[in-house]
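For chain A, the structure is supplied; the task is to place chain B on it using the hints.
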Amino acid sequence: MKTLFDCHKACIVKVIKLNTKGDLKQRLISFGIMKEALLEVLEHSPGKSTIEVKVGKMNIALRAKEAQMIEVEKI
Amino acid sequence: MNEVDPKACPITANHIKVALVGQPNVGKSMLINSVSNAHLHVGNFSGVTVDKTEVLFDYGDYNFTVVDLPGTYSFTDYTIEERVTHDYLCAEDYDIIINVVDSTNLEKNLQLTSELLTMSKKVVIALNMSDEADKENIVINAEYMSELMGVPCVRVSAVTKEGIDTLIDAVIQKYENPRNKPKLVFSEPVEEEIAQIVWYLDKHKFESVNTYRNIAINLLKNNKKTYATLHDEPIWTELQPILIEASKHIELHHDSDDIKEAFAEEYAAFNRGVVAEVVQQEVRKNERTLTEKIDSILIHPIFGIPIFLFFMWSLFQLTFEVGAIPMEYIDAFFIWFGDTLGATIGNDDIRSLIVDGIIGGVGAVVLFVPNIIILFIGIALLESTGYMSRVAFLLDGFFHKFGLHGQSFIPLVTGFGCSIPAYMSARILKNDRDRLLTLFIIGFMSCGARLPVYVLFAGAFFSPEMAGNILFIIYISGALLGLGAAKILKLTAFKGVDEPFVMEMPKYRLPSLKLIWHTVLTKTMMYLKKAGTYIAAASMLIWFLSNYPHNLILEETYDTKISIAQDAHQKIVLEHERDEALLEQSYLGSIGKFSEPIFAPLGFDWKMSVALQTGLAAKEVVVSTLGVLYSLGGDVTQDSNSLMGAISKNISFASAIAFIVVIMIYLPCLAASVVFTREAGHIKYFFYLLAFTSIAAYVMAFIAYNIALFFT
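Residue numbers (our numbering), protein chains in the order written: chain A, -12 to 62; chain B, 92 to 803.
Isolated chain A, as found in the complex (with noise of 0.2 Å):
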């Protein structure tokens, strides 16, 4: 299984399942990251602690343990 976190920089890929539930779940469809959406990696901060992605025309960012909440495929 493949998850965000695991993504490189600059990778597009497509969210396939959010492992996650409750007000989480919630937080991540507002933002647009639900199934079928596509994701670009923009940016690790130091450490891959944080990550930023494109969706849409949003940029997010993420903590490492939220994006490992997110399966994804390679397009």
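If we take Cβ atoms under 7 Å as the criterion, some of the chain B residues that face chain A in the derived model are: (1) Y164; (2) E198; (3) K199; (4) I390; (5) D487; (6) G488; (7) P591; (8) M594.
Mimicking PhoX-like on lysine-lysine, the simulated pairs with C-alpha atoms at most 25 Å apart in a straight line are: (9) K52(A) / K581(B); (10) K44(A) / K384(B); (11) K52(A) / K586(B).
Honestly, the hints are just simulated from the structure, not real lab data. All C-beta atoms in this analysis are idealised placements derived from N, C-alpha and C, irrespective of residue type, glycine included.
Just chain B now, with coordinates in the frame of chain A:
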């Protein structure tokens, strides 16, 4: 816009109450600014408008009340702001919703719009930032969009003021005309289930203010309120099995066990359709936007943090270097003013009250206005350009190690300006524990009011070239101490699960000069107002406490000694001794003497002890207290007019260091303590804060004092 004028609405006229809703960073506050002349604060990071703000104005035959609600990404209760907005929209009484959307990012913004459209309220969509959309060659067909969505869509720009009148006209028209049903079409399986529930409700002639379609959608979305209402109705027993079947059908269709996720996908699909129809845009692939280009430098994994530190260092350098230029003149002005005014007053006591008490005290505080202005400009720039979110991104890894959240950075940096807005902005943290922890740490970020004390001491003990660096060190070490304290608290008092870190990185924006001007002006005026009222009163009180009770015998003894003294030098020494002795037996002297033993291990004399205690009211009072105490009791030789000179003569280096440490750590001012208690939610947290900061301040100052003694 002459006819739009903010004033109170007469009760007799026609009212329209508008709820202004939108996602964060779409320029809601800016729009309200364009519509009326209200001076609201607008920032470029999420969660700026924390409380809802009301603005009143007249237009045409109507009186408008516009309620600016905090930005929300969707109808969830994730953060306090979202809860405020959600509760307001569901429970309060209003006539119409203006949904502000960012024209340059329509698809994402429509996600909230689709939720608004299921509410059976009148909605007008404001396609804001149309000027930016034009620049990016994004063309939105507003008429076609109005037709597709069944609600009026108006192109506006808060910046260029384009379309503002059209927007208000659209609101009036929508208000006057009978409801035009919004068109929100779902996928076939969902539409089927909606139709079935609608048919069922219709069959039983169910009575409701909302449309059946609306009730059906809310039931399918598991809306708690709709459930609660219907639960007590007789039709519920038959309706329930239909609903269970319907939910299963939809979940199967979406391959998800989460109905909310399924609906989010439904909305997204509809919105994609609308955007595809109405938006024309040149597709530019693989071309980086300006924001991304800037980001590749500013959040670079290696250079990002050094660049940030450089920005902060420059800010403190500027604060000191540039801020020092007008200080001399302000100082000279108050001395001249005091002397001139003093010469006209006959009565010794009154002259002393006005010159030494009020003018001395207030002057000492006004002296630091240039520094305060520069610091506020810096923080306003950080806020309004969007850089603040980048710093949160860069620092989250680091902050997280200390148990803090990357977004804690926003209240913490605000804390460098003033603790009060900082405590309030901590609301962006959703998790109660994270928020409380951040609230406890904010005090470690030295606020603008403490700056005068630092500038005073740094100037008194270090060369002008070094003073800026010292200031930087003070601020940074305060912040580091705060992080250490956070770690300790996280391991002890605030154990628990971490809040997730998911935040938007807004586009970079050129700061609007007008906005920064307003922010800085408001804050500076607040500072001056405080100097004119609160601090003037405190200075008078301190003057009184330091002049009374009069001890006539002591005065006479010294006066006789002075009159028989031979040379001028001896006279001056005796006069100094007399003033010192008088001050020591005053009320303030007694308080200071009483508490002196407590502060003795830190090397404080009684004057410093008193200054710390008056500083509990407001940090500016520390400087004015020192000003009053040293101008009354200090030696009256050569250059002693300036407080800095008096301080460097009377206080040892080690004591000064310990004093700065206490100022850095101990309880913020009275007003901030009140806000802290309100935000923390219980008075007990105030006592925790009091105990925590007092003990920490004492221990750290003791250590600093002894280290400094060792080296001097």
